[in-house]
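S.K.: Protein chains in written order, with the working numbering: chain H, 139 to 582; chain U, 139 to 582; chain P, 139 to 582.
Simulated from the structure, these hints should not be mistaken for laboratory data.
Some hints here could point you the wrong way.
Where chains are identical, the list cannot tell them apart; a pair therefore holds if satisfied intra-copy or between any two copies.
Dumping the calculated DSSO-like pairs for lysine-lysine here, alpha-carbon to alpha-carbon at most 30 Å [said to hold, decoys possible]:
| id | residue 1 | residue 2 |
| --- | --- | --- |
| 1 | LYS291 | LYS515 |
| 2 | LYS544 | LYS231 |
| 3 | LYS488 | LYS515 |
| 4 | LYS165 | LYS291 |
| 5 | LYS424 | LYS291 |
| 6 | LYS566 | LYS165 |
| 7 | LYS544 | LYS305 |
| 8 | LYS231 | LYS504 |
| 9 | LYS515 | LYS385 |
| 10 | LYS515 | LYS255 |
| 11 | LYS385 | LYS544 |
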Amino acid sequence: MKSSNTFLRQTPDNGDVGHFCYELAAKLFPICRSLSGPGVRTTLTLLGQHLPGLTVHEVPSGTQAFDWTVPEEWTIRDAYIEDESGERIVDFKTHNLHVIGYSEPVDQWFDLEELDKHIYSLPEQPQAIPYVTSYYSRRWGFCLTHAQRVALKPGRYHAVIDSELKKGVMNYGELILTGQIEQEVLLSTYICHPSMANNELSGPVVTTALARWLMSLDDHRYTYRIVLVPETIGSIVYLSRNIDHLKRHVIAGFNITCVGDDRCYSYLPSRAGNTLSDRAALHVLKHIDSHFQRYSWLDRGSDERQYCAPGVDLPIATIMRSKYGQYPEYHTSLDDLSVITPTGLAGGFKALQRAIEVIENNVHLKTTVLCEPHLGKRGLYPTLSTKESSAQVAAMMNLISYCDGKHDLVEIADLIGEPAWRLVDILKPLIANALIGVCGDCAG
Amino acid sequence: MKSSNTFLRQTPDNGDVGHFCYELAAKLFPICRSLSGPGVRTTLTLLGQHLPGLTVHEVPSGTQAFDWTVPEEWTIRDAYIEDESGERIVDFKTHNLHVIGYSEPVDQWFDLEELDKHIYSLPEQPQAIPYVTSYYSRRWGFCLTHAQRVALKPGRYHAVIDSELKKGVMNYGELILTGQIEQEVLLSTYICHPSMANNELSGPVVTTALARWLMSLDDHRYTYRIVLVPETIGSIVYLSRNIDHLKRHVIAGFNITCVGDDRCYSYLPSRAGNTLSDRAALHVLKHIDSHFQRYSWLDRGSDERQYCAPGVDLPIATIMRSKYGQYPEYHTSLDDLSVITPTGLAGGFKALQRAIEVIENNVHLKTTVLCEPHLGKRGLYPTLSTKESSAQVAAMMNLISYCDGKHDLVEIADLIGEPAWRLVDILKPLIANALIGVCGDCAG
Amino acid sequence: MKSSNTFLRQTPDNGDVGHFCYELAAKLFPICRSLSGPGVRTTLTLLGQHLPGLTVHEVPSGTQAFDWTVPEEWTIRDAYIEDESGERIVDFKTHNLHVIGYSEPVDQWFDLEELDKHIYSLPEQPQAIPYVTSYYSRRWGFCLTHAQRVALKPGRYHAVIDSELKKGVMNYGELILTGQIEQEVLLSTYICHPSMANNELSGPVVTTALARWLMSLDDHRYTYRIVLVPETIGSIVYLSRNIDHLKRHVIAGFNITCVGDDRCYSYLPSRAGNTLSDRAALHVLKHIDSHFQRYSWLDRGSDERQYCAPGVDLPIATIMRSKYGQYPEYHTSLDDLSVITPTGLAGGFKALQRAIEVIENNVHLKTTVLCEPHLGKRGLYPTLSTKESSAQVAAMMNLISYCDGKHDLVEIADLIGEPAWRLVDILKPLIANALIGVCGDCAG
């Protein structure tokens with residue numbers, strides 16, 4: 139049996155976490171992020187103001203990471219398309235998405251026909267600028283609304299991209315919050331998306347709020363490893379540097395993305411599908427929104443692809459609001475600050491906070507007496523047996539009946555149809571009366 | 139391989155078991171039973187007249203049993219409420235339920251307002267006297283029909299309860315029917331409910347009939363342990379005295395309750411849910427009434443709470459007719475002898491008898507030849523192969539095809555969709571022809 | 139890791155396999171087959187013309203095989219019923235089914251009443267001659283259409299069956315196609331049914347076509363054991379002679395029957411239900427006809443009864459078109475060459491060929507790199523990331539994500555909802571680029 143000082147933690151009042159997240163997202167929105175470059179560094183600096191202890195790492199271009207190579211660092215200063223009259227008809231200054239991510243520089247006049255080969259637009263969303271990148275193949279290009287594109291008249295155009303691709307570094311942030319034990323919960327989000335809100339400023343800001351909540355606690359059982367990486371290459375690099383440690387220590391974790399709008403909740407499993415992270419996510423979502431969208435591993439599309447890859451096999455699940463690829467504004471300029479809301483962000487935060495609490499509290503429990511305990515003599519049960527009395531205490535009796543040392547809290551909660559956090563309240567007096575014990579071998 | 143002399147037992151004609159049960163219940167109905175006291179002893183004496191070998195045990199008040207203490211013995215001689223005119227407007231002699239079980243004595247005049255604090259009634263069932271007890275907290279009180287209660291006029295009332303609570307004993311009955319082997323089937327019922335029929339005189343009388351049936355057999359494989367205890371404290375005391383033996387020997391068993399009406403069949407699982415008792419109960423009920431009510435462990439409410447508690451973990455399931463808490467007359471004076479019927483009791487008896495037979499016959503079976511046996515040469519199969527002939531012997535061939543030594547009789551019966559008792563008839567000639575053998579390691 | 143020279147085999151063009159099968163069936167149709175005798179030998183000789191290496195075995199009458207004895211050899215030369223005018227009103231020469239299989243000889247005049255005891259017909263199919271046999275009990279009899287039967291007028295009839303039952307042999311054919319490894323796939327069909335097309339000439343002719351396809355391959359991983367036996371006694375004899383070898387070597391196989399009509403596909407499981415054969419059959423049928431009929435072990439009726447019997451336990455499943463017993467012409471003269479079609483036979487062939495390919499290709503696969511491989515640099519992935527690009531390569535990425543060395547090809551194909559043969563195409567470049575390896579311990 140183990141001290142229950144961290145067990146049975148109460149959720150603190152989260153204050154105005156939705157507005158905190160929204161305002162931080164608004165501040166980060168204009169920055170032009172990519173896999174690397176000054177936009178990522180500015181972003182990490184701003185987040186670091188709220189995350190004391192955040193370490194910003196540098197990985198040199200050309201570094202090998204498993205099957206991948208860190209690409210050159212990309213800097214973009216300006217970009218536009220000018221017509222013959224000298225009017226800037228497309229201007230990077232008006233929206234970061236107007237330039238393909240990792241565009242090589244260009245400064246040249248083209249006929250419309252030639253220029254058009256370098257233009258990307260979405261005919262079905264004529265008011266949206268698409269988000270396009272070409273990290274590993276040298277290209278240049280402009281992304282326009284389809285309305286802009288069809289309005290282009292035949293003629294000559296001056297295409298200018300003042301960008302630079304050169305050996306440099308790729309950056310990522312890392313924050314370790316040491317807990318009572320060495321086992322870790324991994325929270326990962328990505329900081330490479332320029333000027334899009336739900337995917338992906340919601341992830342970094344909600345992750346920041348979660349880290350601040352964890353730092354505010356007296357203590358916590360698990361050590362929390364919070365990483366802010368560029369998507370794909372960032373998580374691959376992070377894994378290549380830490381895989382042995384991660385495989386030994388990480389017992390749960392979440393890829394935090396698309397947690398900002400207020401339209402639905404979504405769940406995407408780990409590859410294994412039945413890890414503690416999956417169980418906690420499903421348990422929480424079932425109780426906070428029984429209509430949550432349930433996706434399969436085949437619907438994946440973010441860093442769980444790396445964290446759960448064969449041979450990596452970390453227990454990383456994903457809790458989202460509207461999932462990437464599933465809402466109309468996805469990967470376009472329409473995914474702006476009007477898509478996310480303080481309520482939506484607070485909901486994403488709360489779902490992840492609940493999941494973390496469930497993981498923290500997910501001990502195995504065991505009764506200390508054989509047969510049902512005599513609760514009446516301790517004032518925990520009505521002393522009068524009437525036709526109705528037993529119903530009043532059903533949840534407590536059901537909980538006790540499964541405290542056999544074999545079921546953990548999530549299993550018991552699912553068996554008896556109650557949220558784990560309600561059981562925590564019921565357990566307090568039972569543990570205080572030494573009727574239920576926490577199994578040491580399960581608590582870590 | 140083992141002798142099949144007990145295997146393949148035929149169910150005897152049960153005669154008029156329904157009337158036997160009903161008449162015994164009628165004789166027991168007027169007795170005022172409780173956790174302890176003379177009513178329990180009278181009940182055990184009457185049942186003992188049909189159960190030679192029944193031992194009545196005494197447990198002194200104050201005895202510790204796990205987390206519980208045996209309460210004082212309760213004796214009640216008389217009780218009534220008199221109005222100012224001396225009329226007895228409520229009289230224990232007219233119904234045992236008029237007094238709260240374990241009421242302390244009182245003999246005092248009260249204003250109606252004061253008296254009313256000691257009155258219990260059911261507004262939604264105005265003609266029913268509720269069943270109320272207060273075993274572990276000293277109280278006194280009267281239970282009235284709501285019609286009686288609302289008819290009480292303001293004024294003074296004389297409340298008299300001539301009861302006694304003092305150190306004494308708690309009684310329970312125990313009957314062991316020794317079988318061929320030491321492994322045991324536990325049949326438990328409770329004898330603490332005053333003047334209610336389905337819950338709970340049906341349990342004691344059907345259990346008595348089952349014991350008499352078992353005693354009438356030439357022999358039986360398992361040893362039968364039949365216990366008649368006061369609910370909760372009785373099973374806890376019984377477990378505290380016998381738990382090591384029970385955990386080593388009991389391979390199946392049933393808590394026998396609510397087996398007297400004729401409205402439906404019900405099943406409540408053991409906590410584990412997949413014990414031999416559960417499998418036998420489900421198999422029997424599926425074949426005798428495919429519309430039986432299936433409850434979950436969360437719906438429990440009788441001594442399975444103790445027998446299946448964490449660390450006790452006996453394989454005890456429950457087969458009922460209308461389950462406690464689920465029929466309107468439950469725990470009121472309406473649960474009288476009109477609720478139970480000879481047909482209802484005979485049905486409860488038959489379901490439990492079938493389940494016991496299934497358990498007795500539940501051996502693993504194995505063919506003695508490779509490939510299908512040549513049944514035709516033994517006269518067990520039509521010698522003419524026509525378009526229809528194979529259907530006639532489908533059940534026999536299906537049975538043989540699963541006699542691989544890995545499946546027991548219940549599994550095979552479920553796999554091929556036949557009741558186990560039909561398979562017993564089919565097996566007889568196959569075993570007689572030495573084509574199928576009974577696995578010794580499974581039969582015990 | 140193992141050479142992939144047999145893995146990833148392409149299905150060759152099967153040419154006009156349907157017509158090959160149909161014409162071979164038409165040639166075999168008139169022969170009067172039974173458990174033994176000249177009809178079986180003629181059949182094996184004709185099939186052997188297409189199966190170089192086919193060995194025809196002889197088993198003497200009276201040979202014991204497990205619980206069975208090989209019956210005497212049956213020869214039939216002529217049979218008829220003559221009326222008083224000398225007209226042959228029933229003539230074996232017009233249809234082999236007119237005589238009960240294994241009829242003993244008769245040459246005698248009877249009154250209609252006496253003759254009628256030896257006549258079999260189907261009142262509900264008045265134009266059909268039923269198929270009736272009496273292998274193990276001496277009888278004689280004629281099978282008539284019910285129309286013929288009811289037209290018989292009172293009078294004297296001359297019944298003649300010029301048959302012979304005497305010590306001789308039972309024959310069966312066996313062809314071994316040696317593969318790279320000793321593990322075997324068993325293909326079994328039966329050659330004892332006279333003059334019926336779907337059940338059972340489709341089995342022998344499709345099996346012949348499958349053997350010819352296998353012989354046409356450069357090589358194959360598994361050794362193929364092809365057996366053509368009389369049903370029941372033939373498979374029992376074959377098992378009794380080969381059971382130890384078969385149990386050690388056979389990893390999959392099919393009983394090939396009823397593969398000739400074009401009305402549906404059907405699946406009947408092995409007794410275990412989850413063998414490689416079952417998994418391959420279900421996978422293939424799901425993708426070639428999602429409406430296939432799924433039967434249970436309880437619906438069995440052919441040689442799987444022996445191959446999957448307790449203690450034999452070979453992994454033999456059955457892929458059919460219209461299953462025996464389930465189509466109106468079954469076991470009557472109506473099951474003629476109009477029931478089967480080249481398209482139906484080709485479909486039966488193709489389903490079994492696909493299942494064999496799936497078994498040949500069913501290796502465990504493992505990625506050679508941690509995290510997702512960088513496919514773009516190898517030209518295997520679009521270099522431009524747009525809103526649509528990832529969908530195009532979803533099947534490839536899904537496949538890679540499950541190449542963890544724990545799942546075999548069928549499991550992966552089922553997990554990602556693709557036919558295994560599509561995955562084979564996707565795997566080729568991945569294996570060629572050394573990104574995916576074949577696990578040696580699984581490939582044999």
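S.K.: Quick one: LYS385 to LYS544, C-alpha cut-off 30 Å, is that within a copy, between copies, both, or neither?
M.R.: both (25 Å within a copy, 18 Å between copies)
S.K.: Indicate which option fits the pair LYS544, LYS305 if close means a Cα-Cα distance not exceeding 30 Å: within, between, both or neither.
M.R.: Neither: 55 Å inside a chain and 40 Å across chains, both beyond 30 Å.
S.K.: When Cα atoms must be at most 30 Å apart, do LYS566 and LYS165 count as within-copy, between-copy, both, or neither?
M.R.: neither (42 Å within a copy, 48 Å between copies)
S.K.: At most 30 Å between alpha carbons: which applies to LYS515 and LYS255, within, between, both or neither?
M.R.: between (82 Å within a copy, 22 Å between copies)
S.K.: Please work out whether the CA atoms of LYS231 and LYS504 approach to 30 Å or closer within one copy, between two copies, in both situations, or in neither?
M.R.: Neither: 63 Å inside a chain and 47 Å across chains, both beyond 30 Å.
S.K.: At 30 Å max between alpha carbons, let me know whether LYS544 reaches LYS231 within a copy, between copies, both or neither.
M.R.: neither (60 Å within a copy, 51 Å between copies)
S.K.: Is it within a copy, between copies, both, or neither that the alpha carbon of LYS291 lies no farther than 30 Å from that of LYS515?
M.R.: neither (88 Å within a copy, 37 Å between copies)
S.K.: My question is about LYS165 and LYS291: at a cut-off of 30 Å on alpha-carbon distance, are they close within one copy, between copies, both, or neither?
M.R.: So LYS165 and LYS291 fail the 30 Å test inside a copy (37 Å) and across (75 Å) alike.
S.K.: Since the copies are identical, ignore which copy is meant and state whether LYS515 and LYS385 lie within 30 Å (CA to CA) inside a copy, between copies, both or neither.
M.R.: between (48 Å within a copy, 28 Å between copies)
S.K.: Could you figure out if LYS424 and LYS291 sit no more than 30 Å apart (CA to CA) within one copy, between two copies, both or neither?
M.R.: neither (54 Å within a copy, 53 Å between copies)
S.K.: Within, between, both or neither: how does the pair LYS488, LYS515 come out at a Cα-Cα threshold of 30 Å?
M.R.: neither (38 Å within a copy, 41 Å between copies)
Hint compliance for this structure: hints 1, 2, 3, 4, 5, 6, 7 and 8 are broken, all remaining hints hold.
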